[in-house]
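All chains should be built: construct the whole structure from the sequences, respecting the hints.
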Amino acid sequence: MSVGNGASRDSILALRGITKTFPGVVALDGVELAIRRNEVVGLVGENGAGKSVLMKIMIGLMQPDEGSIMLGGEPITLRNPLDAIRNGIGMVFQDGSMVPNMSVTENLFLCHENGFSNLGVFSLRSMRESARALLAELHLHIDVNLPVAEIGPAARQMVEIARLLWLSRLYGRDNPVLILDEPTTVLADKERETLFAILRDIKKRASVVFISHRIQEVIENSDRICVLKDGKNVTEMDASDARLVRIEQLMVGHSFSADRFHQDDQGAGGGKEILRVENLDRAGSFEPISFTVGEGEIVSLIGLVGSGKEEVCKCIAGLEKADTGSIFLDGRRLPMGSPSSAVRAGVGHIPIDRRSEGLALMMSVAENVNLLVLNRLKAGVLLSPARERKNAQHWVAECQIKTPSISTMCANLSGGNQQKTVISKWLSSQVRLLILDHPTRGVDVGAKDEIYKLMRRLAKEGIGMIIMCDTLEEDIGLSNRMLVMKDGRLMKEVDSSPRSKPSPQSIISLIV
Amino acid sequence: MTSVRARLGRLTLLRKWFPGPVVAAGVWFRRSGVAAQILTLVIVVGVFAIGTRGKYLSWANIQVILSLAAIPAIFAIGLHPTIVLGGIDLSIQGVASLCAVFVGVLLKNQFNSNDVGLWIIPISMAIGGAAGVVCGVLNTGLRIPSFIATLGMSWILYGMAVYVGRAVNVQILDTRIEKFASATLFGVPQIAILAVLFAAIVQVVEDRTRFGRYMYAIGGDEVIAKQAGVNVDRTKIAVFTIAGIIYGLGSLLLACRLGVATSRMGLTLLFPTVTAVAVGGVALTGGIGGAKNAALGALIVTALNDGLVLMHVSPYIQQAVNGVVLIAAVALTIDRKKLGFIK
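From first to last, the protein sequence lines stand for chains A and B.
Residue numbers for the first sequence, in my numbering: 1 to 512.
Residue numbers for the second sequence, in my numbering: 513 to 855.
Careful: at least some of the hints might be erroneous.
[As the list claims (entries may be wrong)] So the derived list for chain A, only partly shown, Cβ under 10 angstroms to chain B, looks like this:
id: 1; residue: E113
id: 2; residue: F122
id: 3; residue: P147
id: 4; residue: P385
[Said to hold, decoys possible] 20 angstroms max Cα-Cα, derived SDA-like pairs, lysine to any residue:
id: 5; chain 1: B; residue 1: K738; chain 2: A; residue 2: M55
id: 6; chain 1: A; residue 1: K203; chain 2: A; residue 2: L140
id: 7; chain 1: B; residue 1: K738; chain 2: A; residue 2: H112
id: 8; chain 1: B; residue 1: K738; chain 2: A; residue 2: C111
id: 9; chain 1: B; residue 1: K738; chain 2: A; residue 2: A149
The hints are simulated quantities; they were obtained by calculation from the structure and are not laboratory data.
Using N, Cα and C, we set each Cβ at its ideal position, and we do this for glycine too.
Okay, here's the thing in structure tokens:
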């Protein structure tokens, strides 16, 4: 409380003691956030720190379990985004929240067209003129007749900002609160400068909550900075006092227990080479990159969104096609852009979104586990139910998948057990290299531990792994070696053997 | 923003070569949403004008095309909003059959003493509308995909139509509607004028009312529309209801033109109507295309079939041509790159 009280005295919007729990996870734990008039508040925290849940609560997409939202000193309830808009709170989403087929004008006034209506018929001319005037206020030159899908991400953000400002005026809010969720990730350098110029301009009549992973940018463009970690306020400081290193320390925290990632089980790695990537290059995604992964080695790819690490992994899994370069698995060259040959060669890919890409949710555990090895489970030309059962039971026991039976639908399993099912699917196909894209995302603490253990065991059995994790701690804790990427370039290779784990701070300064 | 800049660049280049009004007209034409359809129509007309040595362009033949296109256009105008929503309506055959049976039973006929006169217009539209409400409620309330809900409804309604009409051909003795439809005004068939007016009204509703906006917002992105405050369920039910009402009007006109009302009347309507909507450029992925597209689509399909008849092409080949046209139209209107996979 001590943090929030001082700030909330003259605040326009204040969140008090916001708590939100999901099954198995406390997303927010008594979070305080106060936003003053004409102020830009920077909100920083690692992935999973609770920023996005907090934002969803602020715009009525989620309800807090405990705590209150105060607007100008009065408690308010936000049941849906429209309620938030009426109270002058709006959000510009990272991936946009406008209807792509409709024009800029139509999107600007969507659902609030009454002022342009005469006996139920809109005046298109006055709508267009208002749209132009509105955009001119922000010094924007966008063709208001173009469909939003055609104007580019930067222009889309500006239009959304214009819409929120207009709506708050419509509902008589003189100092609206705009929430910008990682607006700069989709922007080019020059567009970023434009956005910040507009931010400085709208600060005269609005408050802004600015979320970004680029800490330097937050320091330069906000008045005050709030740091969230593990769903709690860590601290709050004036941007003028803020130092990059200090914030990074606060974000990552100090608590670091060695056994959390079962580091005692970490192998030496660097055995026989399994994967060799040579001068792999994909225009617009990453620059030529070369590295190897050895038997039983866990290599972590580290970098921000847009660093190119996801694309590198997709190229190895055959989901995307690199322009030049080559990929060798066990010394044999893999054809590019063919997921089926990658699978046959022994590359397993565990995608970030297991519910839509990793698993057939409507199929049983057994069907999922057996999916890649159906050929081996045949008796003659037909599948043998007995062999299918045997293979599934073997892997369910092996990976300790907690399921009522092997014929249970995967949709009914918990996140952790779904993830173990995905992993066992690959193990069953005798995979050589596993790419794990955020393997513990959306998984509770207990299941996380089991997944860590499983990974350690796989490494012992000689499977090579490339991982991209939710937090830096996880990356450092799990890996033998780390490859740090930034803006499509491999910046540095960092050793992460159990005795000499680097500190998160030293890594974070390399990636931002 | 880059795309905007690229566009402006291209425009300035055009301005160098053409006078201002021509460029403005070109931009307007491209943005009208029916540019491809008008070009298609011009090509179809051109090919047949040459193929028939001008016979195709005689005023008598143009009158035939216009009057034949009117009723398919009305059906297409009814169907297209359900596709704009991102769904589809397959109930048209059932609805039209049921309406036709009621038209036969209620208008002056030789089987009973009923004679509701012009009241048949609201009655037929109300029957269609009631069927549409049910489709809409099935789709939103029970959350049944529109494909299945309306397909099921089509056969339920057709069954009712056969049961009520006992598969009898009822001669329509009240010829007032037929007379109005086949009369001409300044040489243009009145039924075609009716269809054009109707398309214009629906187009205005789509462009310039809150309901129309909501329809396109849902078709573009239902989740975002909902977050912006669109009452999605109510809009969907309204769209299916309006579709039903328009089918009611269409089947009344069709029965009157045929002079005979029978439950079988609806059975051949679905394919040409869906073809017209697709050819008109209404994207099957939702959110794009309006009444003008639906009406133009019907005109293109009718003009094509009329030309094939004039060229003495076998009717079986004509059917096959229509199938090709449907697939080609969808291939050209849908941006399939945006779809993850095709079901």
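> So which hints don't hold here, by number, going up?
Replying inline: 4
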